[in-house]
Amino acid sequence: MEKVLLLGDEAIAQAALDAGLSGMYAYPGTPSTEIMEYIQSSEENSYPGIHKEWSSNEKTAIESALGMSYAGKRAMVAMKHVGLNVAADGFINSAITGVNGGLIIVSADDPSMHSSQNEQDSRFYGKFALVPCFEPSNQQEAYDMVFDAFELSEKYKLPVLFRITTRMAHSRATINLRPSLPQKKLFLPADPLQFVLLPAIARKRYKTLLSSYESLRYDPLISKYNIFTGGNKHDLGIIACGIANNYFLESAGESAGEFPLLKISAYPFPKEIIKEITGRCNEVLILEEGAPVVEEALRGILDEGIKIRGRLDGTVPRDGELNPAIVAKAMGFPLSFGQEVPSLVKMRPPSFCEGCGHADMFSALTEAIKPFGQGHVFSDIGCYTLGALPPYSAINSCVDMGASVTMAIGASDAGLFPSVAVIGDSTFTHSGMTGLLDAVVKNSPVTIIISDNSTTGMTGGQKSNATGRLEQICSGIGVQSEHIRVITPLRKNYTENVRIMKEEFDYKGVSVIIASRECIQTAIRRKRSENSIE
Amino acid sequence: MKNDIILSGVGGQGILSIAATIGLAAVSNDLFIKQSEVHGMSQRGGDVQSHLRLSDKPVSSDLIPFGKADLIISVEPMESLRYLPWLSDNGWLVTNSNPFINIPDYPPLDEILEEIKKIRNHIIIDADGIAKEAGSPRSGNIVILGAASPFIEMPFESLEKALKKLFGKKGNHVVEDNLNALHAGRECSAGIRI
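In the order they appear, the protein sequences are chains X and R. The first sequence begins at 1 in the numbering used here and counts up by one. The second sequence begins at 1001 in the numbering used here and counts up by one.
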């Protein structure tokens, strides 16, 4: 068997390739981005004909994948946890339609918010949609699980949620590879009405879904990942979900085998496996990365005198990701520590790259908006969110993909003038276009600055579906052509850019300023690769 | 055998190339490895670190516990100090002396170096100067790896082989530059008793 060193994300991607994947659909988002990137770098000779283009957003991604599944082939969708909010409509309803070819939805959670605006736990979505959810504890298990997830998906005709977290996604380990399986042939669903969710059909399908969910609890493809190992200790048993199991093993060291341990890596699980451990221990400590999903379930079911410890009683902090120290402390083990960080060490927050076009755009913007005072600029998700930090301190919001445009509209409805949105090119085609249509329809007095660096920058420079299309899109949506202004954010154009911004701020209708200059990082990479070809 | 290593620096300084080199070498030595890295927002000029764990037994946690790191390899002096809570009592700290100043309140360099010198086992080198001298001005990160290599329990040759494999696609001169940098760094810590 071949052994390779892969990130968790890459292990999942490699497994999908080896399991006969025909279509990969994704929008970039930390910590999920490397799944699609790995698929895109796969050799055409070894894995021919796979669809691997970026989608405009997570909703279009999941729906396209559902179409691939409808046509009988195996598909995977990958996104960061908040992407699943965008895809939620398609996701929840795909549980009702069910699937034809196997469908896996990878949602990469980011507890402690390393690169995100919240730390929501995707396992809630699994229960919400009533679909099986896998949560691998290490990279090899992630690789192997993908094969089982496709099999389970096709066995129950259900989409499968695959939940990972930052440390799983972005940590490398050696993986033993399996021989690869052929792709499925095109075949249509046996029932031509399976995907037609008219109420009469949906009601029937929902009943089927409810009963499938109960069967899943006992299915061997689920139960093989929920393993009880009985140690002799009676005072404390451990329930460890996903990668929390690693921190337990690390902290307990040689004594790990003494503890009754239930490792949970697949949902839903049956009541019986919980009773196995609660039946023999006085106390149970629940370790889970993210929200207290299992802990709440246990506290809800059991009130039988056994003590439950976890995130809800303060044994483990209620928020933030786990680490070996938190788990060791929860176990009552002695803590090791090196030395304190010397007080002279300063914070080093992320910042704009030297020569970044966003920075020049913000220089002009802060000058142009100055006469109106603070509080007029709504922004969005991307590198340009760093405009919130000094020296610019230029933006007043960052909520979700596209919210700059729509919040600017709402604030202008309330009488704020001028009301300005700053949004990136990729974020604009992800979720800004529909908001712009709202603005055009009611002629809102807003100025939308599209800071166009012709890439999806924050996640490392993936292709932006907006590149070369922004003027046409804005014009097509109905923005008047004289109020679609294209500027080049360079220091030498500062005075002119300030003037153009002021003109459009004064205009009492919808205007769009496209501040267009290639991302400095992608420009450097492009030049390097051009040079190496020469 | 167990080597727990923290790699530190500023986004864009090349700590992931160091990690990838050690990682490849570890695989060729049939060691178990886990290597956790930072992607996303922090890569834009923020502080970045990677936890690299090598062992002849399976590794559980992707993160190194506090006080257990055998080695801190840092391509930036102030960043080397940020991870002292992880360094074990007998651990080594190998760092570049050249600051990367992209914040307004960066402390005086001599004060930083004083703090580093308080660590029992430390090596401070001018990695960028050494890289330039070796004719590989862009390989300061690999000079640091060379200087840290005596504290990594793997044959030195396996690091050389890993560099060849990692940079092979970029052409012979890139491989040579990096090998020169690795050797120049290694010489800096020659004669140090482990």
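Treat the hints with care, as some may be off.
[What the hints assert, rightly or not] Only pairs whose alpha carbons sit at most 35 Å apart, straight line, appear in this in silico DSBU-like list of lysine-lysine:
(1) R:K1169 x X:K52
(2) R:K1068 x X:K346
(3) R:K1118 x X:K3
(4) R:K1057 x X:K527
(5) R:K1132 x X:K263
(6) X:K233 x R:K1002
(7) X:K463 x R:K1068
(8) X:K346 x R:K1118
(9) X:K184 x X:K527
(10) X:K463 x R:K1118
(11) X:K329 x R:K1164
(12) R:K1165 x X:K329
(13) X:K463 x R:K1169
(14) R:K1068 x X:K52
(15) R:K1002 x X:K346
(16) X:K329 x R:K1118
(17) R:K1068 x X:K263
(18) X:K3 x R:K1161
(19) R:K1002 x X:K463
(20) X:K3 x R:K1117
(21) R:K1161 x X:K233
(22) R:K1002 x X:K329
(23) X:K527 x R:K1117
(24) X:K370 x X:K508
(25) R:K1068 x X:K527
Worth flagging that the hints you see were computed from the coordinates, not collected in a lab. Because the structure is a prediction, the values reported are computed rather than measured.
Handout entry: Indices of hints not satisfied (ascending)
Key = Hints 3, 4, 5, 7, 9, 10, 11, 12, 14, 19, 20, 21, 23, 25 are the ones this structure does not satisfy, whereas the remaining hints hold.
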